[in-house]
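K.L.:
Residue-level listing of the chains:
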Amino acid sequence: MRMRILEISVGAFILAGILALIGLALNVSGLSMSNAGDTYTVYARFENIGGLTPRSKVTMSGVTIGKVTNIDLDTDQLVARVTMEINGDVDFLSIDSSASILTAGLLGEKYIGISVGAEEEYLGSGDYIEDTQSALVLEDLVGKFLFNEVSE
Amino acid sequence: MDRLALLGRAGLDKLAAFGRSSMILFQSLIAKPQPVMMFPLLIQQIYFVGVLSLVIIVVSGLFIGMVLGLQGYTILVDYGSEQAVGQMVALSLVRELAPVVTALLFAGRAGSALTAEIGLMKATEQLSSLEMIGVDPLRRIIAPRFWAGFICLPILAAIFAIVGIYGGAIVSIDWLGIYDGSFWANMQNSVDFGEDVVNGLIKAIVFGFVVTWIAVFQGYDCIPTSEGISQATTKTVVYSSLAVLSLDFILTAVMFGEL
Chain U
61 MRMRILEISV GAFILAGILA LIGLALNVSG LSMSNAGDTY TVYARFENIG GLTPRSKVTM
121 SGVTIGKVTN IDLDTDQLVA RVTMEINGDV DFLSIDSSAS ILTAGLLGEK YIGISVGAEE
181 EYLGSGDYIE DTQSALVLED LVGKFLFNEV SE
Chain Y
5 MDRLALLGRA GLDKLAAFGR SSMILFQSLI AKPQPVMMFP LLIQQIYFVG VLSLVIIVVS
65 GLFIGMVLGL QGYTILVDYG SEQAVGQMVA LSLVRELAPV VTALLFAGRA GSALTAEIGL
125 MKATEQLSSL EMIGVDPLRR IIAPRFWAGF ICLPILAAIF AIVGIYGGAI VSIDWLGIYD
185 GSFWANMQNS VDFGEDVVNG LIKAIVFGFV VTWIAVFQGY DCIPTSEGIS QATTKTVVYS
245 SLAVLSLDFI LTAVMFGEL
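Residue numbers (this note's numbering), protein chains in the order written: chain U, 61 to 212; chain Y, 5 to 263.
In short, the hints are calculated from the structure, not lab data.
Keep in mind the model is a prediction, meaning the values are calculated, not measured.
Take the hints with a grain of salt, since some may be wrong.
Covered stretches of chain U, going by a simulated chain Y footprint (3 or more residues, C-beta under 8 Å) [what the hints assert, rightly or not]:
id : region
1  : 80-89
2  : 155-163
Examples of chain U residues lying across from chain Y (beta carbon under 8 Å, computed) [stated by the list, open to error]:
id : residue
3  : Ile74
4  : Gly77
5  : Arg141
6  : Gly148
7  : Phe152
Below, simulated DMTMM-like cross-link-like pairs (lysine to aspartate or glutamate); rule was C-alpha separation at most 20 Å, straight line [stated by the list, open to error]:
id : chain 1 : residue 1 : chain 2 : residue 2
8  : U       : Lys117    : U       : Asp191
9  : U       : Lys127    : Y       : Asp252
10 : U       : Lys170    : Y       : Glu100
The beta carbon of each residue, even a glycine, is placed where N, CA and C say it ideally should be.
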């Protein structure tokens with residue numbers, strides 16, 4: 061009987077551990093099974109990424125459709141190159157879509173917003189989004205404002 | 005000259021102890037494992053090492069999560085970004101506090117008990133008797149305890165993290181009035197399963213390995229007197245705490261730092 065109680069409590073302990081792990085996976089890290097489907101990779105060059113980081117989200121009309129996986133320097137054109145993984149079911153981004161780096165709230169995280177163009181051809185894996193708009197850097201804005209003031 | 009010789013001898017002693025501990029590790033785990041015979045013993049040790057540590061882990065996890073929520077709120081509310089409390093609580097728990105604090109508590113609660121138990125077995129010559137009747141004490145006594153610690157610590161760390169996060173959620177959502185949608189959404193946006201949760205668990209596994217190894221070796225290697233056992237128990241707690249904290253820095257640098 062003693063052994064039986066022992067076994068039951070050990071079983072419950074292991075089960076609690078597994079449940080905690082599932083809780084961490086689903087509730088805390090927001091891992092969802094449906095999202096693990098296929099993705100395709102799209103690149104975009106930006107003059108200034110201004111605080112965009114890998115794992116930032118990529119959105120279209122505010123809906124998350126992918127994430128930033130890598131940011132490196134394009135050594136040919138000397139601008140930043142952002143690698144994005146777009147969910148496979150979003151396959152209707154036309155080749156003249158534009159990508160811009162936006163900020164959630166005033167001081168919030170940076171993310172990429174994509175707005176779709178009018179072309180009939182669609183972006184595939186490995187394509188570049190040509191029309192990009194860099195992050196707004198506060199110092200630049202202040203600089204422009206001061207310059208305008210002076211020139212008037 | 006004598007001083008120099010003493011220093012050299014102390015160094016050699018440490019080296020010999022390290023060698024002995026590696027031999028114990030090898031002989032009890034790798035050489036000729038007997039999973040079938042060991043299983044009931046393992047269950048028993050998981051009960052002693054894991055299930056009985058559950059209460060202290062849950063209680064400290066709850067309070068650490070609540071404190072994190074409270075502290076994070078009072079700082080972040082100045083910047084008007086108190087929604088980030090969930091993110092802060094979850095990341096600091098999953099990445100750092102759950103494995104480290106669990107390992108420290110585990111060293112104090114279970115590691116010291118392991119050392120004292122094995123040390124007393126040695127002092128009362130139970131280990132020698134086992135050898136006399138042809139049972140290898142390394143496989144009968146040491147191996148199941150080792151595996152139990154190895155299995156239990158990641159489970160305890162996962163429980164610690166989840167309890168702590170819910171403790172933080174209670175404080176910040178129910179008491180401080182943060183909107184619960186943004187609390188969870190911020191958390192889920194910033195915590196990555198592969199990057200944060202899995203790395204935290206890897207840390208816990210490493211700590212479990214180190215803490216149990218130190219505890220078991222100190223017990224097996226202690227001077228078989230009451231004074232020796234007390235020294236060995238102290239050493240277990242001190243060495244495991246130091247090992248956990250320094251290993252944590254190394255692991256963090258490898259996993260999250262850009263070294």
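K.L.:
Taking the hints in turn, state whether each one holds.
P.N.:
Okay, the hints, checked on the actual structure:
Evaluation of the coverage hint for the region 80-89 of chain U: fulfilled, as 8 residues show C-beta separations to chain Y shorter than 8 Å, against a requirement of three. Counting residues of the region 155-163 of chain U whose CB falls under 8 Å from any CB of chain Y gives 0; the rule of at least 3 is not met. Proximity of isoleucine 74 of chain U to chain Y holds as hinted, the smallest CB-CB distance being about 7 Å (cut-off 8 Å). The beta carbon of glycine 77 of chain U is positioned within 8 Å of a beta carbon in chain Y (closest approach about 3 Å), and the interface hint is therefore held.
Proximity of arginine 141 of chain U to chain Y is violated relative to the hint, the smallest CB-CB distance being about 19 Å (cut-off 8 Å). For glycine 148 of chain U, the suggested interface contact is broken, since its CB lies about 19 Å from the closest CB of chain Y, more than 8 Å. This hint is violated: phenylalanine 152 of chain U has a C-beta 25 Å from the nearest C-beta of chain Y, more than the 8 Å allowed. Distance check on the hinted pair: lysine 117 of chain U and aspartate 191 of chain U sit about 19 Å apart at the alpha-carbon level, within 20 Å; holds.
Between lysine 127 of chain U and aspartate 252 of chain Y the alpha-carbon distance is near 30 Å, which puts this suggested pair outside the 20 Å criterion. With a C-alpha separation of about 25 Å, the suggested pairing of lysine 170 of chain U with glutamate 100 of chain Y is violated against the 20 Å cut-off.
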